[in-house]
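Peer 1: Chain order of the listed sequences is P and D.
Residue 21 is where the first sequence starts when you use my numbering, and the numbers rise one by one after that.
Residue 44 is where the second sequence starts when you use my numbering, and the numbers rise one by one after that.
These are computed hints drawn from the structure, not numbers from a lab.
Among these hints, one or two may not hold up.
Unchecked claim - Estimated spans, in silico, between C-beta atoms of each pair:
(1) N214(D) / Q101(P): 43 to 49 Å
(2) S389(D) / L140(P): 25 to 31 Å
(3) N214(D) / Y111(P): 31 to 37 Å
(4) L496(D) / L145(P): 36 to 42 Å
(5) W129(P) / R77(D): 56 to 62 Å
(6) A193(D) / L140(P): 39 to 45 Å
(7) F47(D) / L140(P): 54 to 60 Å
(8) T114(P) / I486(D): 47 to 53 Å
(9) V127(P) / V696(D): 37 to 43 Å
(10) A193(D) / L141(P): 43 to 49 Å
(11) W129(P) / G256(D): 42 to 48 Å
Note that this is a predicted model, so its numbers are computed, not measured.
Ideal Cβ positions, reconstructed from N, Cα and C, are used throughout, including at glycine.
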Amino acid sequence: MAFHAFRFWTRAVEITALAVAICFSMGASTPTSRLNTLSHMLMCQCGCAQLLGECDHVGCPDRDTELSMLSTGIAAGMTDQQILDSFVAKYGATVLAAPTTKGFDLVAWVAPFAVFAAALLGTILLIRRWGGLGGKAHSAATLVAESSDPADRERLERIRRETGSDGGF
Amino acid sequence: MAAFGSFCLLIALVLAAYNLVAGSVALRLIATGRPARISPERLADTARRAGIAGFIAVSGAAFALVWAAFTNDFSITYILEHSNRALPIPYKFAALWSGQEGSLLLWAWLLGTYGFILRLRHKTDVKLYAYAGTILAGVQVFFLLILNFAAPPFSLLPGYVAGGAIPADGNGLNPLLQYPEMVIHPPMLYLGYVGFSVPFAFALGALMMRYPGEKWIRITRAWTMVTWLFLTCGIFLGMHWAYAVLGWGGYWGWDPVENASFMPWLTGTAFLHSVMMQERKGMMKSWNVWLIFSTFLLTMLGTTLTRGGLVSSVHAFAQSPIGTWFVVFMGIVLAVCIFTYVLQRSHLHTEHHLESLVSRESSFLFNNLVLLTACFVILWGTLFPIISEYVQGTKVTVGAPFYNRVAVPIGLFLVFLTGVGPLLPWRATSFKAIKRNFVLPVIALWVTVIVCLAVGVRPWKDGALDSGSFYALVAFSVSAAVLTAIASEFLRGASVIARQTRRNLFAATWLLMRRNTRRYGGYLVHIGVVVVVIGLAGTAFNQSVESEMGLHSTMRIGPYTLEQVGASQDSNLNYSSEFAMLDVYQGGKKIYQITPERRFYLASGQPQTMVAIHSTPEWDLYVVYEGTNPDTGLPIIKAFLNPLVGWIWFGLVVIVFGTFVALVPSLTPATAALRVPAAQAAPMAPALKGGD
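The shape of chain P in the complex, shown without the other chains (with noise of 0.2 Å):
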């Protein structure tokens, strides 16, 4: 069985990892606006703690002069970075919409994988000292048939019972 169900594992990644390549093989490339696309990854300076390219307040101070000079940047042919740095230099670190990949801001961005790495793999080594794996495992049926012990053999059953298919969700 485990041999099975390791090649019907195998085999669904590797469908899904070629699917996921075709997908994006396929990618149609139709003209995404750098404007918009930039102006997504800067706040609005006015307070309204919007992003810059949904921030939609008539008058807003800033909004306009930002977008500007975001428009001038692309027309100057700046590189993506070169704009952002050139609004950090402007308005702090705090213009950006989400901390970078540089530095001790790095961390924003590692640390939940990490816990998430090192949670589930805590997960896995808890279930494998339980004997989840490595053929450890056995059926209740066959423990409640094993043990010689009659109240034992109830309590499995009891478990057996209560944990059966009827259980709830």
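With the hints as your guide, set chain D onto chain P.
Peer 2: Below, chain D alone, put in the same frame as chain P:
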């Protein structure tokens, strides 16, 4: 009325303090068996009665504040700042929770209400209820201390106290709050926040008294589910309010206050799942206790972060210096929780262990893992600006791009588990079972991928990954798989019943649900969640266009053409408004008229947009009248075409329905038998028996 309200609050504090002290002493005497002058049982009962009287006192205070709003008593600072004479009646009620002091009073009143119900039902288990009631009294003391000394809602105007005149009118309610949902969104949210105090109190009480068995979980199950439902509705109503009022075309901005409501929802959801493991198999006891402790603490943390001014939020109308009070209270609660846990942890040893990595139990564990990771991500994102400022001296912004990149994949994995978990049997599974249960969902997944690609969903644009479209593609396909998985579960059970009872499939499905409401109610909730996810995935395809529109000028968005056919003005005592009238054409045919509006509230002197939304299952046409260009005098119109937004609200309806189904007791096998005609009655397959 101010004096009456203040007096009620003071009396309520005294009663809550008595409940806490007398209850604690009585329970200590009962636990130690030490002889005392007064019977500990009687002392505990006086504490319980004090709790009930406390509820009446807090109700009196809440009534006094609402009454003051209705009678325009502007000698009370709070009423002056949050109400005015022309304010419509429903918003006079909303004044109760539109500011810091009022919302704390609402919190205390709801806590009192929950406590009142709990104390009336004490005969279910007198001792456990006494513990829970005493713990709730402790929480209530904290809120009443704040209300009496730090944020009193009935404080009088300094000028009035000094003998000055009362202002003729108030400053009015914040225009953002003058929207029908604001009459129900905050109470719903608070019912959720406050409601988690009850399972918290039961969990802590059960641990303190080393309560035998898992009965406390059964007692609190309905409380937890109802609370969770309130919080869910509160969050969705908040989303809808943001969507309809803020005018930026979205419904979730990852604002710290939104995050604050989402975090306890995540841990509460994890608790609702993992508690089943304890109930059924005696597992994860420590985990569950800490989950509910964390959920309670997170409801407090949200308030601490946003109202303490630690992080900036668009909900700035609720800031005040009470953050320190909350920090101290949280510290005390955490200390009590840790102390109790350390002292009683031997009581929480697990009765069974997991047998297999691929089983229902494991799926619960992974589900908890993902939910808690999501909670951590949100907490981390909310706190990171503070951490960054502390470490490197500069504050950074953690906005939507961060959460979209980090939280969305986690959310999609959770949706995947939503479908997989219920398909796995308890204990262990076989390859054959996996194949049998997963073939259809996997087919549905790939068919959806192909269909999405065929209709133009492209995850790759301009040589780079378009994360929005990619996540949408994954969301649609995983959702299709999950829906298929759940539908096949229903179908399998219903077809067996249909065979056995000779009913049609629809009637058989109904009976199936009634026989195990908990299980199938849960499935319905999962369906609702998936429907919501489909709606959220539509965001990737939002379109918007902005233009100045003179008379008869047009604007195109998606299949619609909007023509400006006029503008008008209106006014009443509360606000003046101007609005544009736009005819909407599709395929050259006029289908309706839409009238986005912009209001100017007279009392507060603040403007507010009123978005015009036309919803269809396919998309929302969302039109904002942003005002007029001062140079040209022309109205500025911004239109959005937001696909699938209606699915989000429909998903909530399904979630609510599913939760109600899960709350209804299942038909017992005996009752079920009565409903099957005798001639048709056949032995039920074990899979279809009632119970949970």
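Peer 1: Could you say whether the range 25 to 31 Å given as a hint is met by the Cβ separation of S389(D) and L140(P)?
Peer 2: holds (29 Å)
Peer 1: Falls inside 56 to 62 Å, the C-beta gap from W129(P) to R77(D)?
Peer 2: holds (57 Å)
Peer 1: How does the Cβ-Cβ distance of F47(D) and L140(P) compare with 54 to 60 Å: does it lie in that range?
Peer 2: holds (57 Å)
Peer 1: 36 to 42 Å was suggested as the range; check whether the CB atoms of L496(D) and L145(P) agree with it.
Peer 2: Given range 36 to 42 Å: holds, Cβ gap about 39 Å.
Peer 1: Lying within 39 to 45 Å: is that true of the beta-carbon distance A193(D) to L140(P)?
Peer 2: Once the Cβ atoms are compared, 43 Å apart, the range 39 to 45 Å for L140(P) and A193(D) holds.
Peer 1: Using the beta carbons of W129(P) and G256(D), state whether their distance is inside 42 to 48 Å or not.
Peer 2: holds (45 Å)
Peer 1: Between the beta carbons of N214(D) and Y111(P), is the distance compatible with 31 to 37 Å?
Peer 2: holds (33 Å)
Peer 1: Can you let me know if the beta-carbon spacing of V127(P) and V696(D) is within 37 to 43 Å?
Peer 2: holds (41 Å)
Peer 1: Indicate whether the distance between the beta carbons of N214(D) and Q101(P) respects the range 43 to 49 Å.
Peer 2: holds (47 Å)
Peer 1: Between A193(D) and L141(P), does the C-beta distance stay in 43 to 49 Å?
Peer 2: Given about 45 Å between the Cβ atoms, the range holds.
Peer 1: Should the hint that T114(P) and I486(D) are 47 to 53 Å apart at their CB atoms be regarded as holding?
Peer 2: Taking Cβ atoms as reference, T114(P) and I486(D) lie about 48 Å apart, which means the hint holds.
Consistency note: the structure conflicts with none of the earlier hints.
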